[in-house]
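Knowing the structure of chain A, use the given hints to seat chain B on it.
There are 2 protein chains.
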Amino acid sequence: MRNLLVAQSGGPTSAINATLAGIVMYAQISEKVDRILGAVNGIEGVLEERFLDLGSRIRNAEELQYLCQTPAAALGSCRMKLSGEEQMEKIVGILKQNEISWFVYIGGNDSMDTVAQLSAYCVEKHIEGLSVMGAPKTIDNDLMGTDHCPGFGSAAKYIGITFAELERDCHVYDKKAVTIVEVMGRNAGWLTAASALSRVNGGNGPDLIYLCEAPLSTERFLQDIRRELGRKDAVLVAVSEGVKTPDGKYLSESVQANAEDGFGHAYIAGAARILEELVRKKIGCKARAIELNLMQRCAAHIRSSTDISESRMLGMKAAEAAVAGYSGKMSSIIRLSDEPYEVRYGLTEISRVANLEKKVPDDWMNAEKNDVNEKMMAYLRPLILGEGGVVYRNGIPAQMVLY
Amino acid sequence: MRNLLVAQSGGPTSAINATLAGIVMYAQISEKVDRILGAVNGIEGVLEERFLDLGSRIRNAEELQYLCQTPAAALGSCRMKLSGEEQMEKIVGILKQNEISWFVYIGGNDSMDTVAQLSAYCVEKHIEGLSVMGAPKTIDNDLMGTDHCPGFGSAAKYIGITFAELERDCHVYDKKAVTIVEVMGRNAGWLTAASALSRVNGGNGPDLIYLCEAPLSTERFLQDIRRELGRKDAVLVAVSEGVKTPDGKYLSESVQANAEDGFGHAYIAGAARILEELVRKKIGCKARAIELNLMQRCAAHIRSSTDISESRMLGMKAAEAAVAGYSGKMSSIIRLSDEPYEVRYGLTEISRVANLEKKVPDDWMNAEKNDVNEKMMAYLRPLILGEGGVVYRNGIPAQMVLY
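These protein sequence lines map, in sequence, to chains A and B.
The opening position of the first sequence corresponds to residue 1 in our numbering, with each subsequent residue numbered one higher.
The opening position of the second sequence corresponds to residue 404 in our numbering, with each subsequent residue numbered one higher.
Since the hints were derived computationally from the structure, they do not count as laboratory data.
Cβ atoms here follow ideal geometry from the backbone N, Cα and C, with glycine treated the same way.
Please note: incorrect hints may appear among the correct ones.
Straight-line alpha carbon distances no greater than 20 angstroms define the calculated SDA-like cross-link-like pairs of lysine to any residue that follow [unchecked claim]:
1) B:K499 x B:I530
2) A:K175 x B:R482
3) A:K232 x B:L805
4) B:K635 x A:D174
5) A:K175 x B:E451
6) A:K286 x B:M483
7) A:K175 x B:E447
8) B:K579 x B:L632
9) B:K578 x A:K125
10) A:K81 x A:V92
11) B:K578 x A:L402
12) A:K375 x B:N797
13) A:K96 x A:E86
14) B:K578 x A:E44
15) B:K499 x B:L440
16) B:K578 x A:Y403
17) A:K175 x B:Y806
18) A:K232 x A:D174
19) B:K689 x B:R629
20) B:K499 x B:E465
21) B:K578 x A:L82
22) A:K375 x A:L336
23) B:K579 x A:R79
24) B:K635 x A:K375
25) B:K578 x A:D110
If you want a taste of the chain B side facing chain A, the calculated C-beta under 8 angstroms gives, among others [to be verified]:
26) N444
27) A475
28) G479
29) S480
30) K560
31) I564
32) T565
33) E568
34) R571
35) A702
36) E723
37) A781
38) R784
So here's chain A without its partners, still in its complex pose:
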């Protein structure tokens, strides 16, 4: 028997199951693969031998469709990082025992570290007949070695649409009001930048966009807000959760520090809530903080067809490469052209990906660092194209639950 094992790791996305589906699809057409297994809860599940026979769970086109449109990791996830030779030895033993010749791990930078360690261990110990491959995934879009990441396009579409809808909502009253929307991203501002996609049909979108790559001082923020309020009633702001003050600290840390000074905040306030309070206190107009929270990573009903299709392809590519004997690489997207949008699929050395972060380039923002520019827009636009194709039952999208 030669079996293919797949597992998922890191934070949920709307596209991670499409990558899983791509791997299952490849296993179903490959003559070399006998069984396709899934480990529950990532590498943790491998260590505990919690395996599912995916071939018996995903048996036809309808089930594949349901899997593809189900958000979050259908096999579960973990946040475990491998450490030490003992763990590695145990994993290899379990894989051998289950006649696994190929292991594909779907995840972000941390998960690619697992792929890097495990594949390096196999080389070092001359372990034959075991390929370890990575397939990318993260809504944060911060993986090196690939033009963009599966899951990002769907999150970007959700964010672009939500800002377009919020713009209409905020527009209805003729009172001065500032709405500040916090978008995920601790160290990379890609998702926050996607708020600008709300402008593709002529809308204003957010009036101000603050990415975590550019430091934000209280003074500059208030100056920007005052200027915008001078020319319109409803000001809409996008801000990265990880936006930092000029001294390099997270904006949210700055308030937690106040809490230690006896200010007594019982709750850890996010960036948007801190800025909301600032507007209320220093400007005195109506202010509202909105967090897109988990919805931005699991709103599969409004997934990008481009993202889902590419995510599936990256799963197929990783599985195909594993079976062809490659190890220690991640499947990746190479962009050939923005318009018409054209990509091809490749393989990236895992060392170019593991534990690294891709941030927004400085020259993809405007000079004032309160918006993005056309370089960013040209990059983003193709990633959200295509919608529909979700099968509903009783008014709610059908889902696939594997365990």
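Below, chain B alone, put in the same frame as chain A:
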């Protein structure tokens, strides 16, 4: 000239423009209506004569479609309540001057008060040739005199789908965690009840549902959470923003009171955030608060086709009745059957609606008051049926901006 005037009021919904579209459609087929005008910012805009010629703005099927799929009031809104004869006299004068024979006001309980006052004034003063009609609208679903309210079905669909997606997201880790989702509704729990729609395809949905109609004590909440955590890892909770403690105060007030006691909360915390903190302090496991915030009322991309269709019909019905000479009434939905779902459209005396609130009946909840029962489900299920039909451009739904 005999003109029809329409205005919108109250909080935005995904369906209020479908009602506007229905009125425009009726004006376009009626031989009696010369021009269809829209007032910007509700009754405020009437007082300031800010009128748009809607006939020249919505000229064809494509523009009607874009109007229908644009969230929030395309004519803007206001929160103004009429007061005093002087205002009434001024309004009637403006309407007469603009040759308006029929005025349809789309809105919630407050807006229906405007319809009630204005129509009563016309009767009292023997003003001829002016009909004032209401068309319902509110995501809160708290209007009397109609089976349900336009905008509610789309919000309910968004909430049902979001809970189904959040359930998958929360399921991926095998650690104890409580996710508490706050849903709009200060005094009526209809929207929070809609979280149960996430179960229609066999999902668990929220493990606990707390409506604002049933008081919630800290003890009972913690007891419920502990029991749920005893049987599963990821506990998902739906709570109304207006949930009250047994002494009749809003849960959020109870913490603001603490703030006055020197506890020093700088932010007004919502119900979910207070419960999150309670779980963290008293149980000690991971907890997360999520607010569905404005998204639940403006997520037009996932509107319910049933809701949009009915909203359009209610606009047509109100316009038709106004032109037929009715005044001081609101168009309404009468449900004939749950399954197959069947409704007809009627007229309700405005006095049966204005300033009243329809709450969730006690016997539509379970005995423990931490969930809804089959009576609620039978009521909710038909309201979210149907999806799609939204026209996208560049990956984002097309919108109609009137001013």
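> Of the hints given before, which are not true for this structure?
Replying inline: Checked against the structure, the hints that fail are numbers 4, 9, 20, 24, 36, 37, while the rest are satisfied.
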